[in-house]
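Just so you know, the protein sequences line up as chains A and B, in that order. Position 125 of the first sequence, counted from 1, bears residue number 124 in numbering that gives the first Met the number 0, the numbering being contiguous throughout. Position 217 of the second sequence, counted from 1, bears residue number 216 in numbering that gives the first Met the number 0, the numbering being contiguous throughout.
Bear in mind the hints are in silico, worked out from the structure with no lab data behind them. Just to be clear, a hint being listed does not mean it is correct.
What the hints assert, rightly or not - From the structure, some residues in chain A lie toward chain B, with a derived Cβ separation under 10 Å:
no., residue
1, Asp160
2, Val194
3, Arg210
4, Phe212
Because the structure is a prediction, the values reported are computed rather than measured. Glycine residues also receive a C-beta, built at the ideal position from the N, C-alpha and C atoms.
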Amino acid sequence: MGRISYLLREAWRGLWHHRALTFTAFLALVGALLVPCVFLVVFVNALSAVHSLGDRREMVVFLRDDIPDSTRQNIEHRLRLVAREIKYVSKDQAWDEMAQELGGDELLRAVNENPLPASYRVKLEPVYLHYSAMDSLSQTISLASGVEEVQYGGLWIRRLDEFLQTLRTTGIGIAAIIGAVVLFVVANAIRLTVVARRDIHRVMVLLGASRRFVRLPLFFEGALVSAIAAGAALGITYLIVLGLANRLVVLPSFLPWRWMLAFVGAAAVLGMLGSTLALARVGREDRSR
Amino acid sequence: MIRFAGVSKRFGSKEALAGVSWEVPAGERVVVLGASGSGKTTLLRLITMELLPTAGVVQVGDFSSQRLSGGKRIRLRRSLGIVFEDLRLIPDRNVNDNVALALQVRGTWDRKRVLERVHEALARVGMAERGHDPPSALSAGERQRVAVARALVASPAIVVADEPTRHLSSEPVDVILDALRETQATVVLATNDESVARAFGGKLYRLANGHLEPAGASLGAGATTGVA
Chain A
0 MGRISYLLRE AWRGLWHHRA LTFTAFLALV GALLVPCVFL VVFVNALSAV HSLGDRREMV
60 VFLRDDIPDS TRQNIEHRLR LVAREIKYVS KDQAWDEMAQ ELGGDELLRA VNENPLPASY
120 RVKLEPVYLH YSAMDSLSQT ISLASGVEEV QYGGLWIRRL DEFLQTLRTT GIGIAAIIGA
180 VVLFVVANAI RLTVVARRDI HRVMVLLGAS RRFVRLPLFF EGALVSAIAA GAALGITYLI
240 VLGLANRLVV LPSFLPWRWM LAFVGAAAVL GMLGSTLALA RVGREDRSR
Chain B
0 MIRFAGVSKR FGSKEALAGV SWEVPAGERV VVLGASGSGK TTLLRLITME LLPTAGVVQV
60 GDFSSQRLSG GKRIRLRRSL GIVFEDLRLI PDRNVNDNVA LALQVRGTWD RKRVLERVHE
120 ALARVGMAER GHDPPSALSA GERQRVAVAR ALVASPAIVV ADEPTRHLSS EPVDVILDAL
180 RETQATVVLA TNDESVARAF GGKLYRLANG HLEPAGASLG AGATTGVA
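Here chain A stands alone, though its shape is the one from the complex:
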C-alpha cells in the first residue's frame, strides 16, 4: 500500500462516497472549464492566423535615385541589423515587375524614363514585428541619407496588434473569472466532504495521524475532480471543433498537446487551492465552536 496509491485511493474513496455531490461539482466544473477551453481554441487559431499574416509583414525602403553605391551599402548594412531577410530591387527590376503586373509595357512606354525607385524589401526579425517597433524603425530609417521613403502598412499592423492585445486581455479576464468559479465549486464540494468525514478524520487523529496525513487525500480529491473535469471540457471542445470542421472552409486546429497538459495541470492546481480554502474554512469553523 504505497503512499501515492493510498492517497489516490483515499481521494477516490472520498469522491465515490459523495458521488452525487461529486457529480454535481463535476458538471459545474466542466461547464465552467468549457468557456476557457473554447476560448483557448479560438486564441490558438487566431494566433496561428496572425503569425501567418505576420510572416508577410514587410517593410519597403525606397531609395533616392542616383545615390552612390557606398550610401546604398551603408543603408543595406543598417537594414541587415534588424532583418532576417532582405532583397534589393533595382529600378529596372521594379520596372519589370510593374510591367508584369500590368500585363504589358504599353502604358509604361508612354513614360519617357523609368520613374520607379530602387528599393529594399525587408522581412524583419520577429522581435520587430509589431506596430511600435516597426513605426520607430521606419522613422529612424527614413532619416538615413539616400532613403526616399519607408512603407510598412502601419495601419493594419496596428489593428493586428490591437486585436492580439484584446484577445490576451480577454483571456486574462476569462481566466480570472473561471479560476474564481473553479475555486468556489471545489472549495464547497471539498468542504462538504470534510464535514461528512469529520468523524473518520477524528479516528485517524486518535490513531496518530498527522494533519498532513488526513488532509493530503483531500488535496488530491480537489485536484482529481478538477483535472478530470478539465479533460472532459477538452473532449467536448474537441467534438465542437470536429463539428465545425465540416461546416467551415478553413479547418480550425485544436490545442497543441502542451497546451492541453497545461490546461489540465492548471485545473488540478486550482482544485488543490479550492481544497486549501475548504480546509481553512472548516478549520475556522471548528475553532469557533
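Please arrange chain B on chain A, whose structure you already have, making use of the hints.
Below, chain B without anything else, positioned relative to chain A:
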C-alpha cells in the same frame, strides 16, 4: 509508564475524576473496574490525551499533559494502541484497510510488510479470513475483534482498551483477552464486568465516584472465572 498526579476532571458541575493519583509501571497489565458512568472512559481518554485534566498532571511515557504540543500529541498517539468503546471502525474500508491504517499513520507504507503485519494481527483474534470484508458484513463481536487487532498491529508501548469485550455475545472472550495478554505492552483495560476483569488478570483497580482504589491483591494471569 503512566502516572496520574492529583488528577481531577470536571464536566460542568459533574466531577468525573477527583484527585486521582495512580501509577502504572511499564509492561504492567491493569484492569479498571467500574460501573457504567463511573468515569472509566474519562480515565482512558486522559491517558490518550483526548481530554486534558481540569487539575493535576497526566504523564504517559515522555509526554506530559502540561506540555503537549500538536507534534507531541501525535507522537503520543503513535505510541498507543486504542480499543474504543464504540469501536470506531471506518465503514468505507475493508477489515485489512482498517487495521492497516494504524501502521500507515505511523509511516509504514511497504505493501508487503503492511499486509503481513495486518494478517498476523487479525490471525491473533481469529479474523485473518475476513480481511476483505467491510465492517458492515461483520457481527458486532467480529468488529470488536478487528478493533483489537487494529490496536495491536503496530506493537504499541501502551494499549488502552475500553470495554474490549462489550460487543461479544456468542464469541468467546478469551480470544480477545489472550491477544491483549500476550502483548509486551503496558495494558490498561477498563470494564464493568468483574468476570472479565478476573479473567484478564493483572492489577485490579476499582473506580467509583471519581475515586480510583486498588482492589486487593493482583489477579493471576488468565484466572479461571468461567467467563466464556
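### Message
Could you work out which of the previously given hints the structure breaks and list their numbers from low to high?
### Response
Violated hints (numbers, rising): 1 and 2; every other hint is consistent with the structure.
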